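Chains as they are written, first to last, in numbering that gives the first Met the number 0: chain A, 0 to 310; chain B, 0 to 554; chain C, 0 to 131.
Don't take every hint at face value.
Below 27 Å or equal to it, Euclidean Cα-Cα: the simulated DSSO-like pairs (lysine-lysine) are [to be verified]: (1) A:K29 - C:K3; (2) C:K79 - A:K11; (3) A:K34 - C:K3; (4) C:K3 - A:K35; (5) A:K17 - C:K73; (6) C:K2 - A:K35; (7) A:K11 - C:K73; (8) C:K69 - B:K495; (9) C:K79 - B:K484; (10) C:K2 - C:K69; (11) C:K125 - A:K29; (12) A:K11 - C:K3; (13) B:K425 - A:K198; (14) C:K69 - B:K483; (15) C:K125 - B:K454; (16) B:K484 - A:K66; (17) C:K69 - B:K454; (18) C:K81 - A:K35; (19) C:K2 - A:K17.
Stretch-level coverage of chain B by chain C, calculated; a stretch enters the list once three of its residues show a Cβ under 8 Å from a Cβ in chain C [stated by the list, open to error]: (20) 195-203; (21) 370-380; (22) 470-480.
These are calculated hints, taken from the structure and not from any lab test.
Predicted, not measured: the structure shown is a model, and the values here were computed from it.
Backbone N, C-alpha and C fix where the C-beta goes; we use that ideal spot for every residue, glycine too.
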Amino acid sequence: MDDLVAGLLAGKVRPLAKAITVVENDRPGKRELLKKIYPQTGNAYLLGITGPPGAGKSTLTDKVIVKLRQQGKTVGVIAVDPSSPFSGGAILGDRIRMQQHALDDGVFIRSMATRSHLGGLSKSAVDVIHLMDAAGKDVIIIETVGVGQDEVDIVRIAKTTVVVMVPGLGDSVQIAKAGVMEIADVFAVNKADRDGSDKLISELRAMLDMVKNKEKPEIFRTIAVDDTGIDELVQGIYAHGDRVLETGLLRKKIVEIAESELRAYLLDTIMERSTNMASYEDVVKRVADKKITPMDGVDEIFIGLGLQKQN
Amino acid sequence: MSCTENKARLAERQEQWQGMVDKALARFPERKEAFATTSDIEMKRLFTPADVEAIDYNDEVGFPGEFPFTRGVQPTMYRARFWTMRQYAGFGSAKQTNERYRYLLDQGQTGLSVAFDLPTQIGYDSDHELSDGEVGKVGVAIDSLADMEILFDQIALDKVSTSMTINAPAAVLLAMYIAVAEKQGVSSEKLRGTIQNDVLKEYFARGTYIFPPQPSMKIITDIFSYCKDNLPNWNTISISGYHIREAGSSAVQEVAFTLADGLAYVDAAVKTGLDVDVFAKRLSFFFNVHNNFLEEVAKFRAARRLWAKLMKERFGAKKASSMMMRFHTQTAGCSLTAQQPDNNVVRVTMQALAAVLGGTNSLHTNSRDEALCLPTEDSVRIALRTQQIIAHESGVADTIDPLAGSYMVESMTSEIEAKALEYINKIDGLGGVVKAIEAGYMQQEIGDSAYAYQKSIETAEQVIVGVNKFTIEEAAPENLLRIKKEMEIEQLESLKAMKGKRDAAAVAASLKELRQVAESGDNLLPIIVSAVKTYATLGEVCGVLREVFGEYTEA
Amino acid sequence: MDKKIKVLVAKPGLDGHDRGAKVVSRALRDAGMEVIYTGIRQTPEQIVATAVQEDVDSIGLSCLSGAHNKLFPKVVDLLKEKGAEDVLVFGGGIIPDEDIPGLKEAGIAEIFLPGTSTEDTIAFIKNNVTQA
Numbered sequence: 000m001d002d003l004v005a006g007l008l009a010g011k012v013r014p015l016a017k018a019i020t021v022v023e024n025d026r027p028g029k030r031e032l033l034k035k036i037y038p039q040t041g042n043a044y045l046l047g048i049t050g051p052p053g054a055g056k057s058t059l060t061d062k063v064i065v066k067l068r069q070q071g072k073t074v075g076v077i078a079v080d081p082s083s084p085f086s087g088g089a090i091l092g093d094r095i096r097m098q099q100h101a102l103d104d105g106v107f108i109r110s111m112a113t114r115s116h117l118g119g120l121s122k123s124a125v126d127v128i129h130l131m132d133a134a135g136k137d138v139i140i141i142e143t144v145g146v147g148q149d150e151v152d153i154v155r156i157a158k159t160t161v162v163v164m165v166p167g168l169g170d171s172v173q174i175a176k177a178g179v180m181e182i183a184d185v186f187a188v189n190k191a192d193r194d195g196s197d198k199l200i201s202e203l204r205a206m207l208d209m210v211k212n213k214e215k216p217e218i219f220r221t222i223a224v225d226d227t228g229i230d231e232l233v234q235g236i237y238a239h240g241d242r243v244l245e246t247g248l249l250r251k252k253i254v255e256i257a258e259s260e261l262r263a264y265l266l267d268t269i270m271e272r273s274t275n276m277a278s279y280e281d282v283v284k285r286v287a288d289k290k291i292t293p294m295d296g297v298d299e300i301f302i303g304l305g306l307q308k309q310n
Numbered sequence: 000m001s002c003t004e005n006k007a008r009l010a011e012r013q014e015q016w017q018g019m020v021d022k023a024l025a026r027f028p029e030r031k032e033a034f035a036t037t038s039d040i041e042m043k044r045l046f047t048p049a050d051v052e053a054i055d056y057n058d059e060v061g062f063p064g065e066f067p068f069t070r071g072v073q074p075t076m077y078r079a080r081f082w083t084m085r086q087y088a089g090f091g092s093a094k095q096t097n098e099r100y101r102y103l104l105d106q107g108q109t110g111l112s113v114a115f116d117l118p119t120q121i122g123y124d125s126d127h128e129l130s131d132g133e134v135g136k137v138g139v140a141i142d143s144l145a146d147m148e149i150l151f152d153q154i155a156l157d158k159v160s161t162s163m164t165i166n167a168p169a170a171v172l173l174a175m176y177i178a179v180a181e182k183q184g185v186s187s188e189k190l191r192g193t194i195q196n197d198v199l200k201e202y203f204a205r206g207t208y209i210f211p212p213q214p215s216m217k218i219i220t221d222i223f224s225y226c227k228d229n230l231p232n233w234n235t236i237s238i239s240g241y242h243i244r245e246a247g248s249s250a251v252q253e254v255a256f257t258l259a260d261g262l263a264y265v266d267a268a269v270k271t272g273l274d275v276d277v278f279a280k281r282l283s284f285f286f287n288v289h290n291n292f293l294e295e296v297a298k299f300r301a302a303r304r305l306w307a308k309l310m311k312e313r314f315g316a317k318k319a320s321s322m323m324m325r326f327h328t329q330t331a332g333c334s335l336t337a338q339q340p341d342n343n344v345v346r347v348t349m350q351a352l353a354a355v356l357g358g359t360n361s362l363h364t365n366s367r368d369e370a371l372c373l374p375t376e377d378s379v380r381i382a383l384r385t386q387q388i389i390a391h392e393s394g395v396a397d398t399i400d401p402l403a404g405s406y407m408v409e410s411m412t413s414e415i416e417a418k419a420l421e422y423i424n425k426i427d428g429l430g431g432v433v434k435a436i437e438a439g440y441m442q443q444e445i446g447d448s449a450y451a452y453q454k455s456i457e458t459a460e461q462v463i464v465g466v467n468k469f470t471i472e473e474a475a476p477e478n479l480l481r482i483k484k485e486m487e488i489e490q491l492e493s494l495k496a497m498k499g500k501r502d503a504a505a506v507a508a509s510l511k512e513l514r515q516v517a518e519s520g521d522n523l524l525p526i527i528v529s530a531v532k533t534y535a536t537l538g539e540v541c542g543v544l545r546e547v548f549g550e551y552t553e554a
Numbered sequence: 000m001d002k003k004i005k006v007l008v009a010k011p012g013l014d015g016h017d018r019g020a021k022v023v024s025r026a027l028r029d030a031g032m033e034v035i036y037t038g039i040r041q042t043p044e045q046i047v048a049t050a051v052q053e054d055v056d057s058i059g060l061s062c063l064s065g066a067h068n069k070l071f072p073k074v075v076d077l078l079k080e081k082g083a084e085d086v087l088v089f090g091g092g093i094i095p096d097e098d099i100p101g102l103k104e105a106g107i108a109e110i111f112l113p114g115t116s117t118e119d120t121i122a123f124i125k126n127n128v129t130q131a
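So that you can see chain A by itself, here it is in the shape it has in the complex (with noise of 0.2 Å):
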């Protein structure tokens, strides 16, 4: 384990690989691990690319890549793909578009599947996030398909996160779902070269004029496949990142980022402390046969656990 934190430390890649893996699979050791790293985070830029299937999210990642490496930030990506309902397996293709990196040591990309289990991604997300701040990136990128509660936690953590549009894909219905506007603090409307795109832009600025009490994102046109619009949008994303540091919110955020984190830990302490109880299968029991109401039953584990009861 120490070798592990060492290595993870020095920045070094498979120290980070494995601890990744030891996170992502919840190993022994895992508490251990975040608890030593832990210290250590804090540091990295986090940015969220999410959008719909289709609108070319990995190629603007990849992009964004090369900028970033050209300022010399070293890089981490994590590419989530949804897991099959069906048989739990995943194909994870992002990377596709991205291995122009691979031989590169300071971008370390990590593709991870959904697994479909509730509050189960954004959890290890985090702690992956923790693990490549720890590891030294500078900027950790998450891109996502933007469905899902899961997801949408994920990138409402990030620093700045980038709501890539396409032109031709149910426009308005894409804009309204998902809660993207609330998320958005960057718009890329990408393939911009497509009919539609001015439809799209104009529809997104209505749209946005009807959101309150939040600051209006800007919408940068790129072209992602010809390198086309990525230095402005690297350059827009770096302004919302400064304007989020001078008006406090960052501040706001990472005070944020820690309550869900805390939230989640907790409730999945108590429950895994619960279900460990010899006495939790019989107070389930007896709440379906309705001899005890639910409120009884949890303060019988509470009691159980050393706890004190619910006023």
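Knowing the structure of chain A, use the given hints to seat chains B and C on it.
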């Protein structure tokens, strides 16, 4: 009896027969609950005149050599001349391949077909780091004009027609061919042959792309334009469904995606100002022929008819030659089995027969050992003999399109045409082939079909003789053709020696000019022809173009 | 809890025939594995760097061009160099029988020839991966 009476009688008799069928089914159920082709087209128990009632013979079937060419593109078809027997060959060095070509011509083959190795197809010289291990493996290694001179040594280029399976660097290999001919004293207008030059399918089915779609389309239209003026007998493109099928598509997808590519090329050429009735006659096609015999025959007929209609309707083509689809066919490589390889001779025979009954203009028959390695000389001879036996002994070439009028074949022809057109309309809706490739549409469709086919084999719903049924214990096959390790080293040495002898200043000057032309947007062919004559290598020429045009990465 | 098996399916070399690689990827997914597919034209260096970052349990190499004797052993050698020799490497493609002993000696655990059922590949991976 009147027509209505006839129809009524048919319906009545069919009903009676259905009664018999029901009784038979009660006693003996059929082998499967439903029968379907690879394209998921229902194979009915019986086809009758009712199935072809809606097909107007004059409009939809017609006569050979006439629109819509369902029955073939020539008025007399194989009664005048058999299809061209053209075996795809190439391996190792130019010298080895030249020997194989001269053997094949001696054996009665009527055209050459060049297989290039992967570095050549992707525009790398043999000494490029990515070429390591690939030199001479799936075809012949060509680095410069010097190799091309050896490849066609003692083969008179005014007497033979040559097909080259080359796509992204097609302009460079064509330029070398022109230069070799010139050295033989053969002027370019006498050259006959084909370059594949079909880059679109590389992006979604075959993988040997170099440049992004836009500059690739530009190089292709440059070739159209150059050949129109300089190589009037050259087929400037071979729009290929073969590889789409090999990648796992169904027969309908093969027709649809190939024709969609064809429409994109015609569209691009028309947009550069070329007259459709001038260049379209030099377009040719290339299909696969797979196991489902009747579906395959119908597929060829449907493809010809659909293309003729599309050229007329969409581009206003006026000349018959602009609407007629001429095509080469190759038996399906993916249908060959490594188990009991001699069985492949039988598969290839039936596939070849389907291609002939479908009216192919030229044909390659695979060798029995190709699921194991490159074909040996013995295997190649049997494959060629298969075509010769069909041509000379079977009698099927003595009358034109003999399966026309079969209720089943005519019905299937119409069905394939309709389903392919549906796909083409879908691709149009996505913004055309290039947008559809970027969206991964064809890749997904082909992947779905390939996976479904694999599953049908694993569940033995689809029997493959010798693989999932009728298997035997077999000894490892012997006498396979291997490329010797020394070949790669020799190729590297000869490349190095050639570079030492050529006029370095002339090479540098021509590459500089090439860059200027590429940046200017002028036609690239003249400068590529003069560059290869200075012995600038394929990798050097493609390297300059890579710098100017960029490289494509997989979508 | 039963841990997910992670497999990298890779196509080394210049060969663009990805039908087999894609079919195998889908079959492994349907068997509950997580498959990383990196596309065609990958160098052994890229494949190994990817395998290390993704911390995969196994790598499946597909090559139909005849370059397997150079490319497959190189992947194994590079894995050793990176200290990742515990990764199970298998291969498939048009590979002559006589090459198989040499490839196995070089550290390729198994070679699957044309006509292999995906079930066999799945069973092989499940029986042979070592999950640290």
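Right, here's what the structure says about each hint:
no. : hint            : in the structure
1   : A:K29 - C:K3    : 17 Å, holds
2   : C:K79 - A:K11   : 16 Å, holds
3   : A:K34 - C:K3    : 25 Å, holds
4   : C:K3 - A:K35    : 26 Å, holds
5   : A:K17 - C:K73   : 23 Å, holds
6   : C:K2 - A:K35    : 24 Å, holds
7   : A:K11 - C:K73   : 23 Å, holds
8   : C:K69 - B:K495  : 22 Å, holds
9   : C:K79 - B:K484  : 26 Å, holds
10  : C:K2 - C:K69    : 33 Å, violated
11  : C:K125 - A:K29  : 25 Å, holds
12  : A:K11 - C:K3    : 24 Å, holds
13  : B:K425 - A:K198 : 23 Å, holds
14  : C:K69 - B:K483  : 13 Å, holds
15  : C:K125 - B:K454 : 20 Å, holds
16  : B:K484 - A:K66  : 43 Å, violated
17  : C:K69 - B:K454  : 32 Å, violated
18  : C:K81 - A:K35   : 25 Å, holds
19  : C:K2 - A:K17    : 14 Å, holds
20  : 195-203         : violated (count 1)
21  : 370-380         : holds (count 4)
22  : 470-480         : holds (count 3)
The structure shown violates the earlier hints numbered 10, 16, 17 and 20.
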